[in-house]
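All chains should be built: construct the whole structure from the sequences, respecting the hints.
There are 2 protein chains.
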Amino acid sequence: MNGAQALIRTLVDAGVDVCFANPGTSEMHFVAALDDVPEMRAVLTLFEGVATGAADGYARMTGRPAATLLHLGPGMGNGLANLHNARRGRAPMVNVVGDHARSHKRLDAPLESDIDAVAGTFSSWVRRSLAPADVAADAAEAVAAIANGGIATLVLPADVSWEEGAEVARPLPARPRPRVAPSVVEEVAAVLAGSEPAVLFLGADAVTEDGLLAAGQVSAGTGARLMTETFPARTARGAGLPDVARLPYPPEMAMAALAGTKHLVLAGATAPVHFFGYPGVPGHPVPEDCTVHVLSEPGEDGGAALRALAELAAPDARPELLEASRPELPTGELTPRAMAAVIGALLPERAIVVDEALTSGVGLMELTSGAPRHDWLALTGGAIGDGLPMALGAAVACPDRPVIGIQADGSAMYTISALWSHAREEADITTIVCDNGSYAILQHELSRVGAAGDGERAAKLLDLGGPGLDFVALAQGMGVPASRATTAEELADQLRAALAEPGPHLIDAVLR
Amino acid sequence: MNGAQALIRTLVDAGVDVCFANPGTSEMHFVAALDDVPEMRAVLTLFEGVATGAADGYARMTGRPAATLLHLGPGMGNGLANLHNARRGRAPMVNVVGDHARSHKRLDAPLESDIDAVAGTFSSWVRRSLAPADVAADAAEAVAAIANGGIATLVLPADVSWEEGAEVARPLPARPRPRVAPSVVEEVAAVLAGSEPAVLFLGADAVTEDGLLAAGQVSAGTGARLMTETFPARTARGAGLPDVARLPYPPEMAMAALAGTKHLVLAGATAPVHFFGYPGVPGHPVPEDCTVHVLSEPGEDGGAALRALAELAAPDARPELLEASRPELPTGELTPRAMAAVIGALLPERAIVVDEALTSGVGLMELTSGAPRHDWLALTGGAIGDGLPMALGAAVACPDRPVIGIQADGSAMYTISALWSHAREEADITTIVCDNGSYAILQHELSRVGAAGDGERAAKLLDLGGPGLDFVALAQGMGVPASRATTAEELADQLRAALAEPGPHLIDAVLR
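Line by line, the protein sequences are chains A and B. Start counting at 1 in the first sequence, then tack on 22, and there's your number in this note's numbering. Start counting at 1 in the second sequence, then tack on 22, and there's your number in this note's numbering.
Calculated from the structure, these hints are not laboratory results. Please note: incorrect hints may appear among the correct ones.
Put simply, identical chains are the same to the list, so a pair is met inside one copy or across any two.
[To be verified] Below are the EDC-like pairs computed for lysine to aspartate or glutamate, each with C-alpha atoms no more than 20 Å apart in a straight line:
| # | residue 1 | residue 2 |
| --- | --- | --- |
| 1 | Lys127 | Asp138 |
| 2 | Lys482 | Glu447 |
| 3 | Lys284 | Glu274 |
| 4 | Lys482 | Asp323 |
| 5 | Lys127 | Asp492 |
| 6 | Lys482 | Glu61 |
| 7 | Lys482 | Glu448 |
| 8 | Lys284 | Asp311 |
| 9 | Lys482 | Asp58 |
| 10 | Lys482 | Asp39 |
| 11 | Lys482 | Asp57 |
| 12 | Lys127 | Glu350 |
| 13 | Lys284 | Glu218 |
| 14 | Lys284 | Glu208 |
| 15 | Lys284 | Glu209 |
So this is what it looks like as structure tokens:
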């Protein structure tokens with residue numbers, strides 16, 4: 023058995039049975055070995071950033087890592103932005119990065135670059151397999167190392183892949199998630215028993231159904247307000263769950279949301295900071311006289327900690343739950359809010375919403391909060407171009423659930439070739455492009471940072487209108503049925519039709 | 023004056039007056055300052071890999087650096103593959119990478135990542151500007167540091183950009199290119215005076231017009247064969263220049279091309295190695311009993327060294343020059359060779375050819391060798407997705423010259439949004455997509471590496487046919503007029519029409 027065969031078999035045995043791939047010459051034995059291990063599903067992408075974003079989406083929906091197959095340093099570089107997002111969301115992932123054969127390495131061939139240095143910036147585990155006899159054990163260790171989140175990068179020299187002498191390695195026991203000590207729960211309970219205003223700030227496993235219900239119980243019993251991080255990796259939402267606000271993105275709104283808070287209790291979240299620094303604005307929204315308490319860190323068993331806290335601090339309380347409610351279908355002008363209302367009115371049960379709406383997301387959270395239960399995936403690391411790939415990964419992870427991508431136009435172009443993979447995999451994804459013809463978030467930020475010049479040249483650099491992007495043509499060019507909506511009614515009709523038919527669709531929502 | 027204003031003014035004063043940009047929030051003051059320094063031309067791209075590839079193409083055609091403007095670590099990551107190509111081709115370039123404000127850095131905001139570590143893998147000069155008072159001097163140093171090729175990366179914290187207190191810095195004197203010592207020229211002349219078979223192996227400035235004419239003179243006088251690197255950054259070609267073969271890409275062909283060579287004299291080139299290692303194949307094509315001599319390294323003044331060598335070794339010889347000749351226009355089936363013949367028949371004078379044809383490039387060099395004088399830009403680093411961006415940069419550099427991109431279909435998808443910038447800049451670029459519906463090079467490589475499995479699953483991972491990519495729709499969706507050619511006659515008609523009309527065009531050449 024060669025190294026590639028042993029590697030793939032070991033990954034499958036360890037539960038990694040999907041690989042988002044964009045292979046090159048140095049990965050040809052891996053590709054060939056896929057025919058020997060049919061349990062590994064390979065999903066072809068046309069760009070590595072699609073592969074890494076898809077692996078992120080897959081991990082968020084399954085809790086398990088997918089593999090990626092990337093072609094040397096430049097291929098890994100193409101995947102880097104979405105690896106960054108995955109790192110920030112703590113998604114587990116196993117990157118397999120092909121490299122030159124060991125004998126070829128010292129020749130400094132044209133594709134040679136420092137893979138290990140770049141991999142170190144986003145990986146929690148990096149190893150270069152040095153021999154066919156090692157590669158399977160390396161792979162088993164990679165999977166075990168990221169059981170509680172994080173990216174493992176295995177650099178695979180071509181000859182380690184092609185040489186014989188490899189053997190399958192058995193899965194290693196996964197380290198259990200660290201549990202939170204009872205004393206920590208008791209301390210937090212004591213804080214919440216006081217009368218000072220407190221916020222329970224939620225992320226990671228505290229925004230699952232179980233986590234939210236426990237948090238809701240705590241809130242009902244103690245009066246602590248609930249709030250989630252601005253961009254949690256995956257949030258359970260909808261009717262039957264507590265109504266939990268997100269910390270707003272704009273610094274002033276975030277500071278207002280936390281004003282007066284004396285105790286900020288972190289559950290699966292880190293203390294919030296603003297996305298960017300701005301002249302004359304503090305770097306984070308936590309009030310100066312607010313004490314930060316850690317119930318659980320991301321990666322710890324925050325769900326159990328929240329349940330323990332609920333039993334201790336609010337044993338008899340019942341969480342206040344959202345009743346089923348949907349906005350009315352709007353008519354007329356297709357504003358961002360009208361788009362949000364259409365989505366809220368039609369969102370199907372068990373939908374997976376991939377949210378890269380950015381500035382066009384006005385009202386989106388509010389108008390979907392009482393919809394049937396769904397999951398919401400956000401842009402964890404701020405590196406735009408995550409939405410279309412993540413939707414692919416979510417659809418591969420959950421083929422029986424509809425995926426709705428709400429996608430800013432400028433961001434869509436970073437990884438637009440993901441649409442081809444949507445079509446190829448016949449993935450049940452409906453992408454709604456928020457088509458405002460501009461980098462609207464940057465137009466806002468240009469004034470936001472207090473930049474003096476708002477002359478013609480600066481403005482032109484934030485405008486996508488010359489020429490306009492025709493997302494219907496782009497989608498159709500990659501095999502995805504597409505249509506254009508210019509009124510709220512058209513969007514509703516087209517969304518209904520797209521949801522009624524399996525497979526990918528794209529709706530170009532031309533916003534006013 | 024704030025840091026951004028001083029930075030841009032300093033760059034312009036140092037001769038850097040084009041910036042390929044994909045800005046984000048942290049670069050908003052740079053964007054605003056563009057209105058204060060109108061001499062800086064900003065070219066918007068929708069993806070950072072387009073910006074870096076364009077800067078590479080610009081540098082190849084002008085010999086001068088362009089700037090890029092990239093958004094933090096993930097933006098730089100998106101640009102990494104084409105930064106790799108630029109590094110391999112020794113293109114000068116100044117990256118400006120925006121980063122968090124200094125006060126925000128320690129907060130580990132979502133977009134935080136290790137910019138400096140990644141920049142170090144492709145840059146020959148890296149600096150993080152620490153204060154507004156430093157940034158202009160840093161910029162002047164960046165430009166001077168890469169006068170002879172290489173990438174300078176300047177990390178620009180947002181507050182260094184927005185704070186007042188900066189002053190413009192004067193350009194630093196550029197280090198002259200190192201000259202080759204006369205003794206080196208004499209040693210090489212002595213080798214070539216012998217009777218053993220020699221090859222003059224050319225790259226960098228040895229494949230300019232002057233370099234090639236001097237090399238041709240040496241060849242005519244000494245019998246040394248001429249050969250260029252497989253993928254030189256820029257080669258002068260066409261009637262009136264010596265006929266110089268490229269070292270072939272496939273290992274066996276490369277070894278055959280150098281078989282029997284006893285002396286390999288490097289002029290602006292490094293000793294050749296195969297792109298990849300293969301089982302049972304040596305890593306490079308240089309025969310074991312061949313001595314390698316260095317006339318000039320890339321970055322040295324190889325043109326002067328070649329002229330000195332010509333005067334010393336072949337003072338009375340005259341180079342053998344290609345006569346003007348074009349293939350006849352083919353008819354019927356549109357094979358790769360027919361495509362090459364159409365291009366050879368119609369290539370306009372002073373064209374810039376951007377070659378990312380890969381497997382579809384069969385016969386391309388041969389059938390264009392006697393065409394009117396033109397420049398040929400190749401994929402220096404092997405990171406695919408360079409062609410469309412590089413064409414943009416070449417067109418911005420040389421607005422009075424037609425640019426012809428010969429573009430493999432699979433590779434085109436990595437940076438397809440470059441077409442939008444072609445349209446926005448009204449760049450005179452005709453892109454011919456070699457549409458064979460597959461990663462043909464990988465199908466070849468799969469058999470080439472001796473991989474056992476050629477089953478269905480491996481094959482599917484190299485096939486772009488399900489669904490087919492409609493490049494006409496993709497181009498039109500980004501504002502580029504496009505057509506489809508399925509016969510040699512159609513390609514000829516469409517290429518003629520595209521060349522007759524200024525601005526961008528795309529022809530989808532459906533190859534048999």
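For each hint, the structure was consulted:
1. Lys127 with Asp138: Answer is within: at 13 Å inside a copy they meet the 20 Å cutoff, but 24 Å across does not.
2. Lys482 with Glu447: Intra 38 Å, inter 12 Å, cutoff 20 Å: inter-copy only.
3. Lys284 with Glu274: within (18 Å within a copy, 73 Å between copies)
4. Lys482 with Asp323: neither (48 Å within a copy, 41 Å between copies)
5. Lys127 with Asp492: Neither. Shortest intra-copy (44 Å) and inter-copy (38 Å) distances fail the 20 Å Cα cut-off.
6. Lys482 with Glu61: Result: close only across copies, 15 Å inter versus 50 Å intra.
7. Lys482 with Glu448: between (38 Å within a copy, 15 Å between copies)
8. Lys284 with Asp311: within (6 Å within a copy, 79 Å between copies)
9. Lys482 with Asp58: between (53 Å within a copy, 14 Å between copies)
10. Lys482 with Asp39: This pair counts as between: shortest inter-copy Cα distance 17 Å, intra-copy 46 Å.
11. Lys482 with Asp57: The answer is between: 11 Å across copies meets 20 Å, while 51 Å in one copy does not.
12. Lys127 with Glu350: So Lys127 and Glu350 fail the 20 Å test inside a copy (63 Å) and across (44 Å) alike.
13. Lys284 with Glu218: within (6 Å within a copy, 86 Å between copies)
14. Lys284 with Glu208: within (18 Å within a copy, 81 Å between copies)
15. Lys284 with Glu209: Classified as within; 15 Å inside a copy, 80 Å across copies.
This entry does not satisfy hints 4, 5 and 12, going by the numbered hints stated previously.
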